[in-house]
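Enquirer: Sequence:
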Amino acid sequence: MIDLVIFDCDGVLIDSEIISARMLVAELALLGVQIDLAYVARYFLGRSYPTVMATIRQDFGVKLSPEFEETYRRRLLAIFERELKAIPHVETLLRDLAWPWCVATSSSPVRVAQSLKITGLQHLVGDRLFTASEVTNGKPAPDLFLYAAHKMGVAPARCLIVEDSLNGIKAARAAGMPVWRFTGGSHLQDDLPDEPEDARPDLRFASFSDFPQRVADFIAREKDSTA
1 MIDLVIFDCD GVLIDSEIIS ARMLVAELAL LGVQIDLAYV ARYFLGRSYP
51 TVMATIRQDF GVKLSPEFEE TYRRRLLAIF ERELKAIPHV ETLLRDLAWP
101 WCVATSSSPV RVAQSLKITG LQHLVGDRLF TASEVTNGKP APDLFLYAAH
151 KMGVAPARCL IVEDSLNGIK AARAAGMPVW RFTGGSHLQD DLPDEPEDAR
201 PDLRFASFSD FPQRVADFIA REKDSTA
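For the sequence shown, the positions run 1 to 227 when the working numbering is used.
Be aware that one or more of the hints could be misleading.
[To be verified] Restraint-style ranges between C-beta atoms, simulated for each label pair:
#	residue 1	residue 2	range
1	His123	Glu67	43 to 51 Å
2	Thr183	Ala78	23 to 31 Å
3	Ala98	Lys151	14 to 22 Å
4	Gly126	Ser65	15 to 23 Å
5	Glu69	Thr183	16 to 24 Å
6	Arg204	Val25	22 to 30 Å
7	Arg22	Pro50	18 to 26 Å
8	Lys223	Pro196	28 to 36 Å
What the hints contain is simulated information worked out from the structure, not anything from laboratory work. Here a beta-carbon is modelled for each residue, glycine too, at the ideal position from N, C-alpha and C.
Please construct the entire structure, taking both the sequences and the accompanying hints into account.
Expert: Okay, structure coming up:
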């Protein structure tokens with residue numbers, strides 16, 4: 001039933017979302033835009049940086065110069081160098097996972113490459129990496145997941161998506177793919193946003209320690225249900 005596992009990156013493989021969210025809140029506050037971490041989690045999590053910036057311009061009527069983006073990206077990567085870590089058990093999981101897998105992320109190619117290098121995952125991911133820059137519409141549209149499945153030669157229904165964000169879950173649902181929500185990232189420890197009907201996962205889990213067994217059990221249940 002599962003021929004490919006597609007992992008999101010930020011908040012799933014690397015514990016980056018809490019860092020970038022806090023920095024975005026602080027940077028926008030300097031411009032008079034007052035948002036909190038819960039707002040970021042609900043509306044921005046899982047979306048590409050250009051989409052987030054366009055939303056801020058539209059919703060808050062604030063002008064964001066090209067220098068804002070450049071400064072934000074530079075400061076964020078500097079913080080990543082000091083603080084960014086892989087999610088526990090991820091390195092072992094990616095090294096030993098029995099199913100084919102890839103990564104599909106809303107991050108820019110530069111940011112994700114640097115993030116994977118800092119966390120020591122770059123050599124494991126290699127060229128099994130797809131970003132929103134390669135498709136027309138980012139999450140919550142299904143384009144990125146459908147593109148990754150196509151490039152990996154797997155039918156959408158036989159892919160399992162691992163996501164942390166509501167937008168990512170919506171994208172998986174729109175692509176016709178089963179989706180699990182990883183809730184073990186630091187950004188979801190204190191507050192798990194309500195899941196609207198189109199963003200409800202098939203399963204929620206907070207640790208990758210037993211992920212292979214969970215996949216095996218999921219496949220067994222699906223086989224039993226269709227027998």
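Enquirer: Does each hint hold? Answer for all of them.
Expert: Now for the hints, and whether the structure bears them out:
1. His123 - Glu67: 43 to 51 Å: For Glu67 against His123, whose Cβ atoms are near 34 Å apart, the range 43 to 51 Å is violated.
2. Thr183 - Ala78: 23 to 31 Å: holds (28 Å)
3. Ala98 - Lys151: 14 to 22 Å: holds (21 Å)
4. Gly126 - Ser65: 15 to 23 Å: violated (36 Å)
5. Glu69 - Thr183: 16 to 24 Å: Violated: the Cβ-Cβ distance is about 30 Å, outside 16 to 24 Å.
6. Arg204 - Val25: 22 to 30 Å: Holds, since Arg204 and Val25 (Cβ atoms, about 26 Å apart) stay within the stated range.
7. Arg22 - Pro50: 18 to 26 Å: Roughly 20 Å apart at Cβ, these two residues keep to the hinted range, so it holds.
8. Lys223 - Pro196: 28 to 36 Å: For Pro196 against Lys223, whose Cβ atoms are near 30 Å apart, the range 28 to 36 Å holds.
Taken one by one, the earlier hints fail for this structure at numbers 1, 4 and 5, listed in ascending order.
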